[in-house]
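Please assemble the complex out of the two chains, which come individually in their own frames, going by the hints.
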Amino acid sequence: MDRRTVLKGLAGAGGLALTGLSAPAIAQGGSARTLRFVPQANLANFDPIWGTQYVVRNAAALVWDTLYGIDAKLQPQRQMVESEETTDDGKTWTFKLRPGLKFHDGEPVLAKDVVASLSRWAARDPMGLMIIAIQQELTAVDDRTFKWVLKQPFPKMLYALAKNNAPCSFIMPERIAKTDPFKQITEYVGSGPMTFAKGEWVPGAKAVFEKFAGYVPRQEKPSWLAGGKQMMVDRVEWIVMPDAATAAAALQNGEVDWWENPIADLVPVLKKNKNISVDIGDPLGNIGSFRMNHLFAPFNDVRARRAVLMALSQEDYMRAIVGDDDALWKPLPGFFTPDTPVYNDLGGDILKGKRDFDAAKKLLAESGYAGQPVTCLVAQDQPITKAQGDVTADLLKKLGMNVDFVATDWGTVGSRRAQKTPPGQGGWNMFHSWHAGADCITPAAYTAIRANGDKAWFGWPNSPNTEKEIAGWFAAKSVDEEKAAIGRVNKAAIEDVVYAPTGFFLTYTAWRKNVSGIAKGPLPFFWGVSKSA
Amino acid sequence: MLSYILRRIASTLPVMAIVALFVFSLLYIAPGDPAVVIAGDQASPEDVERIRQSLGLDRPFLVQFGGWVWRILHGDLGTSIFTNLPVSAMIGQRLGPTLSLMIVTLLLTIVVAVPLGVVAAWKAGSLIDRVIMGFAVFGFSLPVFVVGYMLAYVFALELEWLPVQGYTPLSSGFWPWLENLILPAIALGCVYVALVARITRAAMLEVLQQDYIRTAKAKGLGQGGILFIHALKNAAVPIVTVIGIGIALLIGGAVVTESVFAIPGLGRLTIDAILRRDYPVIQGIVLLFSFVYVLVNLMIDVIYTLVDPRIRY
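First to last, the sequence lines map onto chains A and B.
Heads up, the first sequence is in this note's numbering, so the first residue is 1 and it goes up one at a time.
Heads up, the second sequence is in this note's numbering, so the first residue is 1 and it goes up one at a time.
Here chain B stands alone, though its shape is the one from the complex (with noise of 0.2 Å):
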């Protein structure tokens, strides 16, 4: 196992060779000009083309992709064009909002998809079952954003029980860390609870036809083990593989959410930095998401081998 984990992480270097190249050549050819955005609107042609050189936007393709390179080879991911701060610390400065979000979307979602989806299996062609259905379509028909602004206008403008927007950090107590990411939490994981529940029924279904589930029953095992214990493991493989592609969705989901939410993550400086044309910005919040998703397909692919025995590597 251990060998095969190394292999994979060895394997993402050409992954991220290949991701580092494309998202280079994508921003050259790409229109826009960060020494426009940077010498404002009344300046001169001529200003412009200063701030170009003295950025070194100006030079060759191959003679900045080399600087690049041999930069993040060296650890170094650039500096921000416009802030002047190392890349590296942007980066963790937001890390924090963005991990906090999907951490507690995450886990809203498991605790409340994956009992719904098992319900749903266990009260197939039942009422409860087509209410549950009812509630996936909802979450998936339903765009963040505006389940984003309607949860602000209840649980904040109107009720009072929730802050409309920001973020605190953990080390500022639990419940002001909680407390500004229920609302984004909930918005965000609207669609991400439809899919988890939908592949948990499916899964589930599947799996109680199985001819050890009728033993299970007639050995006389309670219907809560019969569902959580035996069935739901089970059925683990193609929820694990949801919730794995989720994360992906959750990376995307962010960018609106915290923007929406104002909370100050990765997805917002994304989206700023694209705006801006801030380069090496860009550059380095690419190469950590696909970073994250390689790392996450890997934990995928280890925590089978927890939840069946009979895969190995």
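With the rest of the complex left out, here is chain A (with noise of 0.2 Å):
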């Protein structure tokens, strides 16, 4: 008799309806066909395009399908689409769909559910905006045939349908496509290999997708979001936790089969478990990043923004972040994702070396800074926020400035940072985030590289150089072209210091040994995913 029994046994000593009993929550779940994940936040919309967050989009990739999909090699490939077409002049796309593909609820997907998907996908994309911007008209020519005329040649059309940035553009029925797209869907009906079992989404704490049977996954080896997206699983769970000590218990306990971001603390326990798998989740990493106000003083003035990057030590930001692991992090003198095809961190040297303060503070009293408060908010829910902020606080304050340290939460940074006001009035001089690593290899989707003044992202650098070079790397016509574009965007953006790179550090994700499949990505792929009892 084990433990357990005896406790049973109690329960029912005391009078307790013991009957029904089923098998212990421990056992419960643990089926082959069943793959218990723990993502990284909670899911609580379900509309991809409405919510953007990648929490979001990653389990939409389970229910919709993309026209093209983004291979590990970040090449476009084709996912629904058989095959497109495009005119000498570059200016007419005509796309051809695959046959036999199915909605969830079986009704077949037809170029006009992709001319509403597509429609609604551009109103709220980055580069879906610039497709917009020289669109003559994006039409169905036939029930799998579409046509997009455009005003003049966009050579990355194939990158923004493929691309892995949220939103993607995902294929929804015309009924659901047409929801305006700053309202959210209330129907669930995907196009890929996974339903979404709306009746048992509990959000803020699971999510259940289950095979979709007619699902028609293409022949080739799956890679990210390319290929063949076979579920070798009928039943993906995901299971939040908010405590990342539970989700590390929980792991260790066989409760759950898959941590997509354990913390950096937590990873000597997992390695430790001879039943736990852990590497790299994501090689693309992320980029950490603070980005100074550059509407009023002192970064107004790029002197100071310069001085800050000179005394800057991304070793220093790294370390807070990650730890004592060198694995994980990698001083980064640019902006872009490092190790990817057309990486260039051309002009980057003023990140490099040994942190040169007097200079710092010279270049600083020379940009006119008197010691007015320099308002720092930064998020302490949020472990990265917190470890930049605390070392930013410490850095300006080696500068000689006056640092005014908001410790507040995420949702508070999130809506003062949109504030335009002096920092006196509501506003604020710097704040802390970091970038997925997916997002920040070429221009494409990096918002945060934009300096175009007003329509900046928040900070609003005004850099027309910037400007200049990321419309040439759009212009770009191969790979070569692409890396010297970037090399130049790099040097303009450090040169105005559109924002100030704190270095590059990767995450771990950890899984039961008896999961196998599990691919290196900027999102947790299922497809290819399976699990032994």
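These aren't lab readings, by the way, just hints derived from the structure by calculation.
This structure is a prediction, so every number in the text was calculated from the model and none was measured.
One thing to keep in mind: the hints can contain errors.
[To be verified] Here are the simulated DMTMM-like cross-link-like pairs (lysine to aspartate or glutamate), alpha carbons at most 25 Å apart as the crow flies:
(1) A:Lys271 <-> B:Glu158
(2) A:Lys455 <-> B:Glu46
(3) A:Lys477 <-> A:Asp71
(4) A:Lys483 <-> A:Asp339
(5) A:Lys178 <-> B:Glu160
(6) A:Lys455 <-> B:Glu160
(7) A:Lys455 <-> B:Glu49
(8) A:Lys272 <-> B:Glu158
(9) A:Lys420 <-> B:Glu46
(10) A:Lys513 <-> B:Glu46
(11) A:Lys183 <-> B:Asp308
(12) A:Lys455 <-> B:Glu158
In structure tokens, the structure reads:
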């Protein structure tokens, strides 16, 4: 007799009704056909166009398919599309859908569904908006063919349709895709390999996906969002765990199978467990940042911004975020994701070598800084922003700046950073964030690198030179041209200090050893993942 | 009595109205913007503004408040900004786990704390008394999350007796339901057991000095009868009061406990809603909690009349 039996018996001895006794929770859900996954965050809504948080994108990739998918070599590959043609002038794209595509309600995927889906996506996506700006028409030619006619060529069309950056161009039925892109959809009829079990959805706690028998995967091997999305399990359960220690314990105890992003502090414990595998989750990693407000003193003067860059130690930031694990970070003399085909850190010298506080203080004085408070917004509920905020406060103090450290939560930072009022009147001087490396490979989906003044991301940098070089990247037609353009963007953005990159860092993912097929990538890919009992 | 209960229920209406106005005003002036969270970190300020407009968050305070009150009067708590689900449905999803946790904790507390308090009073000044009161101080001092982690480490990871996290509804069987609640209930109940045990001891000490206890002893009644029938009944009013107050503690403690043990209850819903600024959900939960507080107070007043016939309304 084991202890659990004794416990059951004790409960029975208490006169408690034990009829209908089922298996203990430890053993429940452990079926080899069910994968239990702890996501990075709560799935609070499920419209990947309306809400562009990464967690929504990750869940949506299970339920909705895309016309093209980006692969592990960062190349767009056909997914729902069978073939495409473009005219010699590059202005007309004609696409043909694969036969046999079905939505989860059994209806065929038609060109009119694609037209409606692309229209809704384009209204919310930075690249989509660029296409709309030069669009002549987007029409369905027949049930399987649609045509996108532009006023001028757009060489990055396939990349735009394949990219994994939120929002992705997921294909939905026309009736759903006609929803205003600024309003949430209420039906979740997908086109991907899994259906969304709406009845089992407990926002903040659980989301369930079930295998869609009518899905026709491609024949190629899966590679990120491309290839055959073959589901090896029947059911994927997302179990939201707000507490990292609980998630670690649940993984060790076999109550969950895969934890998307264990925090660095708990990784040593997981690595010691013989039943658990730990590895880098996303090789594209993240780029830490703090943004300075270009509208107000002292950071409206480029010399003050450069002074910060001269003194900034990326090692300090990275160690504050990832701890002592050297495998998890590297210095980044620029803005773009390292180890990618078009990476170029031209002009990044100011971030390299020994930090020069004397020169930085001199430059700061030249900028006219006279001890006015610098309002530094630091979200304490996000470990990454909290760690960066503490390092920044120390850095600014060493530079002789008067830091007004505003310790708050991410929700408050999110709204306050949109204020264009002076720092003393509800505005701000700097806040911290980080960007997924997958978004920072090129300027395509890299909102934070844009420097078009009022239209730029928070901080509103105005650097015509940076914008000119970004336009040059969009016009580039080969990898070499792109790489050269990226170098020029990096140089211009460093010179004008669009923002301060604090380094490149990676995170781990962890899973039980009876799970196999987990691929490294910018989001958790569930196709090809299997589980033994 | 019935008219008293009806009067008390009627008196909750102005209380709820004041709570509603207070909560709505507080959320209106609090920093934070749900549209920012929805739009995502890379969204442009224009996108955020469009979402604010579509949610009606750009409308004047009085228009928003009037609309909310009108819906409440029609029994509609509104719709979550994020999930697009009715707030009442979301609360309904979360009510079971929180109620289960509170019931198990409450039962555990009464079963453990009251006898401990009685024994401590009976053996006042002895080693047993000191051990029990030492335990009470310990229970008061340890934060819920510390107790939670310790319990999970010992009973889930090391001994593998119980699960670390989660909730199984009662409809899936009694043991699976109870199994998930044992550790959270112990963690949450520690402070509560300590509080009730101390109050029980103090109340019992006073009662045990009374003449009728001496009379009972002189009549030759057994120790158990004296303690649990005569003395405890007369010490019950402060004990019932502190148990009632403790329910408020339980609601607060459930927020932490549900996070530590990943129980999908109202506590976690509250935290999630606050962090995301999901105003309709926050307002719905606060209204519910304030109603529960009022109801608990009413129940305690009614219980007074049962344990002490001298009390009449």
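Hint by hint, which ones does this structure get wrong, listed from lowest number up? When the structure is compared with the hints, numbers 5, 6, 10, 11, 12 turn out to be violated.
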